[in-house]
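*Asks:* Keeping the supplied structure of chain A fixed, place chain B upon it in accordance with the hints.
Here the protein sequences line up with chains A and B, keeping their order.
Per my numbering, the first sequence starts with residue 1, numbered consecutively.
Per my numbering, the second sequence starts with residue 1, numbered consecutively.
Worth flagging that the hints you see were computed from the coordinates, not collected in a lab.
Each hint should be verified, as a subset may be incorrect.
[Claimed, not checked] Below are the DMTMM-like pairs computed for lysine to aspartate or glutamate, each with C-alpha atoms no more than 20 Å apart in a straight line: (1) K243/B <-> D169/A; (2) K295/B <-> D554/B; (3) K123/A <-> D218/A; (4) K153/A <-> E289/B; (5) K54/A <-> D215/B; (6) K165/B <-> E50/A; (7) K153/A <-> D298/B.
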Amino acid sequence: MRNYILRRIVQIIPVFLGIIFILFFIFEQAPGTPVSNMMHPRMTPEQKAELEEKLGLDIPWYKRFINYIKEAAQGNLGYSNTHKKPVAEVIKDYSGPTLLLASVSLIISISVGIPAGIVSAAKQYSITDNLLTVVSLIGISIPSFFFGLLLLKAFAVDIQLFPLFGLKDPLLMSDNIFDKTKDVAWHLVLPSIVLCLNSTASFMRYTRSSMLEVINQDYIRTARAKGLKEKTIIYRHAFRNGMLPIITLLSFWIPLLLSGAVVTESIFSLPGLGKISVEAAMARNYPLILGINSMLAILTLISSLVADILYAAADPRIRYD
Amino acid sequence: MRMRKLLPLFLLLMMAAVIITGCTQSSQTAAPQADIEPPADDEPPADEPKGEQILRYGASGFNGIFNPIMFENIYDGYISNIIFEKLITHTPEAEFVPAIAEWSLSEDNLTYTFTLKDGIKFSDGTDLTAKDVAFTYMTIAHPSYDGPNAHAVSNLEGYEEYHGKETETFEGIQVIDEKNISFTFKDGMAAPANIECFDYGIMPSDYYAFETWEDFLALIDKPMGSGIMTLDSYEPKQFILLKNNTNYWDPENGAQIDGVLINEVPDESILSALQAGQIDFAQISSSAENLEAAKAMDNINISNYIGNGYTFMCFNTTKPSLGDVRVRQALMHALDRESFIKVQYGEGLGAVGMVPISPASWAFPDISELNPYSFDMEKAAQLMDEAGWLMGPDGYRYKDNQKLTLSWLIYTEAAWPGTLSGMAADTWKQLGVDLSIELMDGNSVIARTIGPEPGKKDFDIYALGFSLEIDPDPTGFLFDDDACVAGGFNASGYKNSEAMDLVRAGKIEFDMEKRAEIYKEWAKIMNEEIPHVIIAYRSEIWGINKRVNDMLIDTYATWDLSLKNVTLD
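Bound conformation, chain A alone (with noise of 0.2 Å):
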């Protein structure tokens, strides 16, 4: 186990270097460059081209990606321009918002969404079944950007129950940590029930159509005809089988939800890695798409790596030597 562990450690290194590689690649290809976006009318070509040159776009790309691996192996991402920032302290900026809504979503995804998989699958075909399946079914076709306009005006326009923007009242004078924790949740009450819908929707789902292929199997009728009860067998013997899919799935959402929910972020003018993301790449702001894709492949390669991990634990039959 230790071993395979660690092989995979190793094997990740190549593979984010692939990545970076293949971004560099691809930004080279876009056409136009982060000053093509200033345009003062009064700056003249010459001065452009000195910006360009101060950006170290002159250099080839190839060099620049060797310069970049570099850099970062020494922790530098490089220096984003709009910002005029380093990029690490850029995303450590607006990554504490989307880690916040990410992580509340995460959480009542999870706990909802599974729990609600498994009634489902028990009682298939029941009431509750039915209700649950419509409800996901409308939770997965509904458009976020719809739903969360449609909230505002009905909570924050109609009602003015909620905040219409923003994590914060930036006039809130109160020093206590209670009310400041109370004036937060508060404004990401509507954007985490918009991202809640879907994600919950898609765990109830994955779930119950797991739990449906375990429970249909043989050891569970042999479980049965044993005449343990229906709890045992749900809880203890199909539950763990029905998990290794949501493992996957869990892997996958992670590094998505953190990679910011770019329509909910906006709608909500949320200060998330979504939104300054697309900003980065109209405004040809490669460091800070680099960076924030690297931060994105990592967490991706770590949790691809935690899933494998997670089946050897659900599953015994799972070895890894």
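*Replies:* Coordinates of chain B only, in the frame set by chain A:
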């Protein structure tokens, strides 16, 4: 065996820990601002703290560059204009007037001497002197400077030497004494538009003093100036809170409100936020529906004015077809811009473009002398025939067996180029033009049009919008022969020495009346030749809550200009 069971548990715990630390980190970012006031006892989050008059603005696009010489967009510019003060300012009528300094211009029109007013202090209480003015301008000229304003100092005497590290001093900037400073332009560079170079906020030299450029950039979101407000707190992509500068040096002319709260509000929510009263004012994207919706709100006043800018379409005149002025004119006659404006902006929210000067400017010619290129398919067909492009049997026009094909690069960030090209695809088809449309992002359009050297530009038509400076001088712009280079704005490849003589004459003419005449003459040539055609002058709409008094937003007046006068009910 045991190890294998414990490891996953450990990993799960790690993941949980990541998630939890994620939470605490963000609650930490939520923490600063504690130092504003002593804690209020368990007060519910009130919309407005006791009696504080906070003006609330909503927009999106702030990058956190709160520095007068570094900001790149108008949003960061607002913040900088409030926190810093400039040597000069301008009136809503686009006239430059003294702000914190009076100026005089030498006989040869090359040297501007500024005399600072008495008692100007930065918000930390230190004096603003000529040294700080020199520091600000020398920073723009600094070898490491990577902001967009090098053009403000590059025409000053000795710029190349100082910027190229040959000299320690900048010859063109002379500190005379504590209160007086002079700026000398290079020989032959005298121009009335030079006054725009003094439109930058003055930075305190002690506070911003830097060893390396990184030191300077580290202060970019910690601004300090002499303006009516100071930065109280800033959360990226959330809000910027400006509070009254309690040390303002001219208390009688300070702000009458206690602060400005700038909220990051996405475009989709601007109208709702205005309606719900969560913001006091905001720009509303110009469209008929938005204007209707805003008019229907009983808490909102609307400010509607012609913006200082235009949208234009560039013809690549190096192509054989578009090199012929009759083809360009035919294409314009076959484009129904009246309908386009109605469809895209709505009635009364735009005007058909004529010349590359804002209709609000003193240099705008008499409209009756201009050709509006009204929609006239017959005229268009006639012009095409005259140019030798004759209708073929397949419905397309041909000349020397060449089909009339055009490709138009459309950027998708804004809706109007798509609408316009869609209309053109219909009417130009009737005219016999085979038009293909390529969609891409704005940066790609620029890279294919303005970017390459002349002769290597791979496009027929592109369209873009520009905002203008206050001075109408078009040097270096769309119509400048000298800007017809790689990276230069004149991508059309069109050159006209007669027009250029006018541009050069207008640039250096100090007599305003003569200058206006020169530009009017020049504008008429461009209206006839249309290498770049001005499509529309767009209106801008702002919604302002009725509780806000005395805020003026107009073509040449952004909201920060009238902030001193603003009061709240």
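*Asks:* Each hint: holds or not?
*Replies:* How the hints compare with the structure:
no. : hint              : result
1   : K243/B <-> D169/A : 16 Å, holds
2   : K295/B <-> D554/B : 18 Å, holds
3   : K123/A <-> D218/A : 18 Å, holds
4   : K153/A <-> E289/B : 17 Å, holds
5   : K54/A <-> D215/B  : 17 Å, holds
6   : K165/B <-> E50/A  : 15 Å, holds
7   : K153/A <-> D298/B : 18 Å, holds
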